[in-house]
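Peer 1: The chain contents come next:
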Amino acid sequence: MSAFVGKYAEELIKNAKYIATPGKGILAADESTGTIGKRLSSISVENIESNRQALRQLLFTSPNALSYLSGVILFEETLYQKTSDGKPFVEVLEESNVIPGIKVDKGTVEIAGTNGETTTQGFDSLGARCQQYYKAGARFAKWRSVLKIGPNEPSELSIQQNAQGLARYAIICQENGLVPIVEPEVLTDGPHDIQKCAAVTETVLAAVYKALNEHHVLLEGTLLKPNMVTPGSDSPKVAPELVAQYTVTALRRTVPPAVPGIVFLSGGQSEEEATLNLDAMNKLEVLKPWTLSFSFGRALQQSTLKTWGGKKENVGKAQEAFLSRCKANSEATLGKYGGGSAGGLASESLFVKGYKY
Amino acid sequence: MSCFLSKYADELAKNAAYIGTPGKGILAADESTGTIGKRLSSINVENVEENRRALRELLFTAPGALQYLSGVILFEETLYQKTASGKPFVDVLKEVGVLPGIKVDKGTVELNGTKGETFTQGLDGLAQRCQKYYEAGARFAKWRAVLKIGPNEPSELAIQENANGLAMYAAICQQCGLVPIVEPEILVDGPHDIKKCAEVTERVLAACYKSLNDHHVMLEGTLLKPNMVTPGSDSPKVAPEVIAEYTVRALQRTVPAAVPAIVFLSGGQSEEEATLNLNAMNKLQTKKPWSLSFSFGRALQQSTLKAWAGKEENLKKAQDALLVRCKSNSEATLGTYKGDAKLGEGAAESLHVKDYKY
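Going line by line, the protein sequences match chains A and B.
Under the numbering used here, the first residue of the first sequence carries the number 1, and numbering increases by one thereafter.
Under the numbering used here, the first residue of the second sequence carries the number 1, and numbering increases by one thereafter.
Keep in mind that the hints are not guaranteed to be accurate.
Keeping only pairs whose Cα atoms sit at most 30 Å apart, straight-line, the calculated DSS-like set for lysine-lysine is [unchecked claim]: (1) B:K287 with B:K237; (2) B:K288 with A:K283; (3) A:K283 with A:K196; (4) A:K7 with B:K195; (5) B:K316 with A:K17; (6) B:K132 with B:K196; (7) A:K7 with B:K237; (8) B:K327 with B:K316; (9) B:K288 with A:K288; (10) B:K196 with B:K87; (11) A:K327 with B:K106; (12) B:K196 with A:K14; (13) B:K14 with B:K196; (14) A:K17 with B:K287.
The set of hints was computed from the structure by calculation and includes no laboratory data.
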């Protein structure tokens, strides 16, 4: 094969396929310490380890919510944390058939000579780190590359750098038993229309899959985490059916059928928007050789966070809010979402300009 | 879109999808004058225009055969030829719902500094030629790029040049209303095993689709004509199920779902081999978002040619032979071929010619 078939090949294929189970999706709970700090401060909660632990415990022990998840992406600190009863989070997840994943990139840095374009770091000792994470129970990884749309962006340099970076990260993961989630996020920032986003997304995805082929990545043991194709943040919104059409067309033109599942990022979309768009895609009557699901961070946690407000007495209600979003998105992966699981909080836009994880 | 939407976009998508209709496939009858000469000489028939015309009339008027075809690829001369009673071949085909196609490349030329690797010429004035062909009734085109497997082949240069050539050709065709068949043939010549063929095929196809994306080609209005993934000609043969597995996997890893159909070339395979392999692929229970069909030249015409032998009294026998192969391959596209085709003389004969040049 042109693909590297190492000792973990079968396991990778099995895990990637499981994560792509229709009716399930991923909770992205891998906010770095800095980023989770912003979330906590938005509800006036101090950014200390016990609060970070409390939030994740709230999420992972939400009654019945885990049945709608096939995976949870963790930040390194969280991978080694426990519940207040002393049970490792990893075990809590595994017991409910949720695969633990791990964020392995170390953030973005600017590419000199470009207009604010970035590349992602994290290669140093990546192999060794992956081995450690595998031992700790992780079975998939995530690495976020970022591209922006502008008059001269994304540049060929940025596209090549990020595509090559994703491919290199992916093969290292596979060598060490972790299913790589490939995430080439094209930011929503800007006044461009949906056609422009589609064109850029197609160009970026084509470059990513070319790079994955060059690096001998086993596609059957990967997942894709792309942006949905939408108008820019400064442009008028369009109906979910249109987002669905442009998005699925872009994917049909670039993502080989060997990839088992596509798990969308939510970008700055509100909880309800993200769910409606995902649902519209799954309702679309067109051939889709990969499952279409979610890997949402903000779009799964926003109303949960607000409901919690850092207070123990709110945990039950917060967990209900979380369950509600998980169930809604699960239905969306089956094209069966009926709408109406949106509280006022769920419709709040989560767009932050130039968003940095 | 990242693709250029030509004014023919809807028509291209419609025609490409039609060619991929399950149960149908393509007859590649586009042998250049030189190449058809070799075929004719193998049955002791003189290579003159009348004989070339007679052969093609035999094929296009074979009773019952055309229902199994969605397209026929023609050489330029044939596009303007007529039946003995004066009906243009193009009309004969159209009347039974078969789209006329046209070979537009001008053969291969060696790449300097490589070990016999080639690129394909034909880009000069291609747009004008395509417009003419469209006016004459053609609705799809074909361009053959060739790569070989060797210790250092295919080289990155050969892959890039051929992928780029295919993409440029495809973009021009679409601007002129012709669905481009993208054909990156990896020759079967060599002692390599099936894994090597798979590896090279995946690498080549990945490069092709990257190029097509770079050149803004609308994939929904294209077809792919690849080699099947098989052991090299000097290696032991394997079962159709193995060929099916390796071939479909290579395609799953490289060909986007937007491509409506994949129409295999037969390379040096015998008529029966090609049909059995195609059948095995269509039986395979796995993700196949494109239909899998045929674009066979030799593997559809071999026994027909032998049965005809250039003699008018053999017309019916020859047309019957073509019908058998067309029907068998139609069944193969549905995975229902039972291998019981009345084998004509030569149906099991290997059609491999080392270093085959069209």
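Peer 1: Starting from K17 of chain A, check that the Cα of K287 of chain B is at most 30 Å away, please.
Peer 2: 13 Å, holds
Peer 1: Against the 30 Å threshold, does the CA-CA distance of K327 of chain A and K106 of chain B hold or violate the hint?
Peer 2: Given that 30 Å is the threshold and the Cα spacing comes to 59 Å, the pair is violated.
Peer 1: Decide if the proposed pair is consistent with the structure: K287 of chain B and K237 of chain B, CA atoms, cutoff 30 Å inclusive.
Peer 2: This hinted pair holds, its Cα atoms lying about 26 Å apart.
Peer 1: Between K316 of chain B and K17 of chain A, does the CA-CA distance stay at or below 30 Å?
Peer 2: Outside the cut-off at roughly 54 Å; violated.
Peer 1: If you draw a straight line from the CA of K196 of chain B to the CA of K14 of chain A, is it 30 Å or shorter?
Peer 2: Roughly 25 Å separates the two Cα atoms, so the pair holds.
Peer 1: What's the verdict on K288 of chain B and K283 of chain A, does the C-alpha distance respect the 30 Å limit or exceed it?
Peer 2: 20 Å, holds
Peer 1: Check the hint pairing K288 of chain B with K288 of chain A against an upper bound of 30 Å on the C-alpha distance.
Peer 2: 10 Å, holds
Peer 1: Decide if the proposed pair is consistent with the structure: K7 of chain A and K237 of chain B, CA atoms, cutoff 30 Å inclusive.
Peer 2: With a Cα-Cα distance of about 28 Å, the restraint between K7 of chain A and K237 of chain B holds, given a limit of 30 Å.
Peer 1: Please verify whether K196 of chain B and K87 of chain B have alpha carbons no more than 30 Å apart.
Peer 2: 48 Å, violated
Peer 1: Can the restraint linking K132 of chain B and K196 of chain B be considered satisfied, given a maximum Cα separation of 30 Å?
Peer 2: Not OK: K132 of chain B and K196 of chain B at ~41 Å, beyond 30 Å, violated.
Peer 1: Does the alpha-carbon distance linking K283 of chain A and K196 of chain A stay inside the 30 Å limit?
Peer 2: 24 Å, holds
Peer 1: Measure nothing beyond the straight line between the CA atoms of K327 of chain B and K316 of chain B; if it is 30 Å or shorter, mark the hint as holding.
Peer 2: It holds: about 16 Å lies between the C-alpha atoms, which stays within 30 Å.
Hint compliance for this structure: hints 5, 6, 10, 11 and 13 are broken, all remaining hints hold.
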